[in-house]
Amino acid sequence: LREYAEQRRNKKAKREKQYHSFYNVPIVAAQYKKKYMRARDKNSDAEEQLSKVRITVDSCQKAVAEVARSISDCQKKIELLEQQQQDTENRIKQANDMISELQDGQRFWSDFDNNQLSTALKATQQFIEAIQKYSRKSHSNLSQVVHHQTDFVKVFRLALHEYSEAEGYAESRWKDIQVAFNCARCKTTQ
Numbered sequence: 014l015r016e017y018a019e020q021r022r023n024k025k026a027k028r029e030k031q032y033h034s035f036y037n038v039p040i041v042a043a044q045y046k047k048k049y050m051r052a053r054d055k056n057s058d059a060e061e062q063l064s065k066v067r068i069t070v071d072s073c074q075k076a077v078a079e080v081a082r083s084i085s086d087c088q089k090k091i092e093l094l095e096q097q098q099q100d101t102e103n104r105i106k107q108a109n110d111m112i113s114e115l116q117d118g119q120r121f122w123s124d125f126d127n128n129q130l131s132t133a134l135k136a137t138q139q140f141i142e143a144i145q146k147y148s149r150k151s152h153s154n155l156s157q158v159v160h161h162q163t164d165f166v167k168v169f170r171l172a173l174h175e176y177s178e179a180e181g182y183a184e185s186r187w188k189d190i191q192v193a194f195n196c197a198r199c200k201t202t203q
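For the sequence shown, the residue numbers in the working numbering are 14 to 203.
Do not take every clue at face value.
[Unchecked claim] Think about it this way: if two alpha-carbon atoms lie no more than 20 Å apart in a straight line, the pair counts; the simulated PhoX-like pairs of lysine-lysine are:
1) K65 <-> K30
2) K65 <-> K75
3) K47 <-> K27
4) K46 <-> K30
5) K24 <-> K48
6) K188 <-> K167
7) K65 <-> K55
8) K46 <-> K27
9) K167 <-> K146
10) K46 <-> K24
11) K90 <-> K65
12) K90 <-> K135
[Claimed, not checked] Pair by pair, the computed Cβ-Cβ distance ranges are:
13) E142 <-> R120: 28 to 36 Å
14) E180 <-> D86: 16 to 24 Å
15) C73 <-> E19: 43 to 51 Å
16) V80 <-> R120: 33 to 41 Å
17) T201 <-> E178: 32 to 40 Å
No lab work stands behind these hints: they were computed from the structure. Glycine included, every Cβ here is placed at the ideal spot set by N, Cα and C.
Using the sequences and the hints given, assemble the complete structure.
Right, dumping it as structure tokens:
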């Protein structure tokens with residue numbers, strides 16, 4: 014289309030030059046005037062078509078630029094959302110790991126309450142009863158009572174040792190856990 018418009022422009026310029034050159038010769042002037050007018054009209058049509066194409070191309074370029082900008086904005090939003098999703102997934106994983114760790118702690122302390130604690134209490138009560146029983150019977154000192162009741166002492170020591178080991182294990186495993194939560198009762202973050 015540009016080439017066609019260029020040809021029309023050149024032809025118009027040629028016909029205009031011819032018309033102006035032979036303007037004074039009446040017979041030839043009319044013929045060159047017609048050729049010039051026709052060339053001028055064709056040039057005008059070609060320029061108009063070229064102008065329409067330029068307008069269309071410009072509007073398409075603007076539309077493409079808008080679409081490119083929109084795509085760029087969407088990609089940035091997608092990247093932001095993906096980052097937020099990754100952060101959320103990481104927080105969920107951390108929360109799930111924390112919940113799992115706390116559930117392990119809850120099971121441990123529940124088993125501890127049911128097993129070690131009751132065993133230690135039972136051994137302590139038996140040891141106290143044995144001491145009270147032998148101290149009432151005979152006014153012997155504590156070392157003699159302990160010496161006669163070595164089974165109670167062994168059970169008592171074993172229960173306290175197991176209790177101490179369980180407490181040590183719990184201390185080493187769960188002492189550093191930091192849990193932030195909103196207290197429903199006092200409405201504060203703990």
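Hinted pair K24 and K48, Cα distance within 20 Å: holds (10 Å)
Distance restraint hint 16 to 24 Å, applied to the beta-carbon atoms of E180 and D86: Hint violated: Cβ distance 58 Å, outside 16 to 24 Å.
Straight-line alpha-carbon gap K46 to K24, limit 20 Å: Between K46 and K24 the Cα gap is close to 13 Å, so the pair holds against 20 Å.
Agreement of K90 and K135 with the hint, judged by alpha carbon distance not exceeding 20 Å: Violated: K90 and K135 sit about 65 Å apart, past 20 Å.
Restraint check for K65 with K55, where alpha carbons must lie at most 20 Å apart: holds (15 Å)
Outcome for the supplied range 28 to 36 Å, where the beta carbon pair is E142 and R120: holds (32 Å)
Hinted pair K46 and K30, Cα distance within 20 Å: holds (11 Å)
Range agreement (Cβ of E19 with Cβ of C73, hint 43 to 51 Å): violated (22 Å)
Distance restraint between K167 and K146, which requires alpha-carbon spacing of 20 Å or less: holds (18 Å)
Pair hint K90 and K65, alpha-carbon separation not exceeding 20 Å: violated (37 Å)
20 Å limit on alpha-carbon distance, applied to hinted pair K65 and K75: holds (15 Å)
Restraint status (C-alpha distance of K46 to K27 at most 20 Å): Given that 20 Å is the threshold and the Cα spacing comes to 12 Å, the pair holds.
The structure does not agree with the numbered hints 1, 6, 11, 12, 14, 15 and 16 stated previously, though it agrees with the rest.
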